[in-house]
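Work out the full structure, taking the sequences as your base and the hints as a guide.
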Amino acid sequence: MDYINPELLIEIDEKKAAIENFDLAACVRRFLETESNAHSNLIDDSTLTNGTQGSVAITQRIRKKLIEQQEEEERVTLENLTNAWKWAIANYNGELNRRFVEEVAKQIEPERADVRRGYRTENVSIRGEEVMLPPRYEKVHDMMEELFFDVYTGDMHPIEKSALIHFHTVRIHPFAEGNGRTSRLLQNLLLRYEGYGPATIKSTEKREYFTLLRKAIEAYKQRRGDGNGGYGRSYIDNLERGGVSVEERSFFDYLAGKVKDEFTRAEAILQTLSEYKLTLTRVKERTLIFAVKRALDGYFRAGHIGSARLTDSKSGVYIIKGDIQESNIGEMVGQIGTKTSGTLLKYSVQKIK
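Be aware that the sequence shown starts at 48, since it is given in our numbering, and climbs by one per residue.
Treat the hints as calculated values from the structure; they're not laboratory data. Positions of the beta carbon are idealized from the N, C-alpha and C atoms, including for glycine. Check before you lean on any hint, since a few could be wrong.
What the hints assert, rightly or not - Cβ pair distances, simulated, as ranges:
#1 Ile399 <-> Gly141: 13 to 21 angstroms
#2 Arg270 <-> Glu169: 50 to 58 angstroms
#3 Arg329 <-> Glu252: 22 to 30 angstroms
#4 Gly141 <-> Arg333: 39 to 47 angstroms
As the list claims (entries may be wrong) - List of simulated lysine-lysine pairs, BS3-like, C-alpha gap at most 25 angstroms:
#5 Lys393 <-> Lys62
#6 Lys186 <-> Lys133
#7 Lys208 <-> Lys331
#8 Lys305 <-> Lys249
#9 Lys393 <-> Lys331
Here it is as structure tokens:
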């Protein structure tokens, strides 16, 4: 049984096929994934509310200190999330299991001893507009195993599998902390493995996201008739026996829509990228030729989308594609000449696109 709008999935697959025809599709995907992690990090972070800003008790000095402390915390948590993402990409072999998911959670919350120990060993609550009680800790292991089984044995679209992982990891809440970031990372990991872009939920959209998620969890529990949110019979069996609720479908469609939005962004970005041919003039020193290549590579590693290919290493000919301007190229070549030989290198730039 489909629980994401089939027409939406078809539309996403069409966009995916179109994107794959572009040379820099992988570069754009990495850029969008980096953005997605940044938003995911902010969704769960606390921020200073308007009420706090207006408090007489908080002076400007204290407020400034609080903001600086919050910014530092956000920097550290984003660094942890980025490390977890890199580890997950390097180690994912196409199948999730307890050891893998626990390691992801440890990387996201490395300072939390209760997370480093693995699945939680006590009951917790999810606080928000309403307090929600995840399943008891004794049920976590079995529920997660059943979730893994469903994801890898069910006949589902990859986006449906990733949404299932996201939804139930949050609902089961297997860890003492970091469940939201873990669930969104796992979803995007499964999407990446299948060649899809991330499901990016912007930090400015977190109220809508949490509202849809909360309603979907409550509807799932009511449909199951299990106030403790037990997994019990597999999710696939439950779909076949009773169908999926409107609230669950709304949340899953919401996540799929985010994948579609990122493909739309990717298409727009790819259409705006430039392509140049850079030719060094009468430069025979190989050290200079490769120094220019390293400078171009560094430009794209610094957060810009694109790549530079050295097509003639003897004469110094490069094909450069990305969000780069001719002035950027000239500045880098000029700096290389000044630093290495004390003179400006001569070159020509031809715009191909």
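Consistency of the hints with the structure:
no.	hint	in the structure
1	Ile399 <-> Gly141: 13 to 21 angstroms	38 angstroms, violated
2	Arg270 <-> Glu169: 50 to 58 angstroms	27 angstroms, violated
3	Arg329 <-> Glu252: 22 to 30 angstroms	55 angstroms, violated
4	Gly141 <-> Arg333: 39 to 47 angstroms	42 angstroms, holds
5	Lys393 <-> Lys62	42 angstroms, violated
6	Lys186 <-> Lys133	30 angstroms, violated
7	Lys208 <-> Lys331	54 angstroms, violated
8	Lys305 <-> Lys249	10 angstroms, holds
9	Lys393 <-> Lys331	12 angstroms, holds
Figure legend: structure checked against the earlier numbered hints; hints not met, in rising order: 1, 2, 3, 5, 6 and 7.
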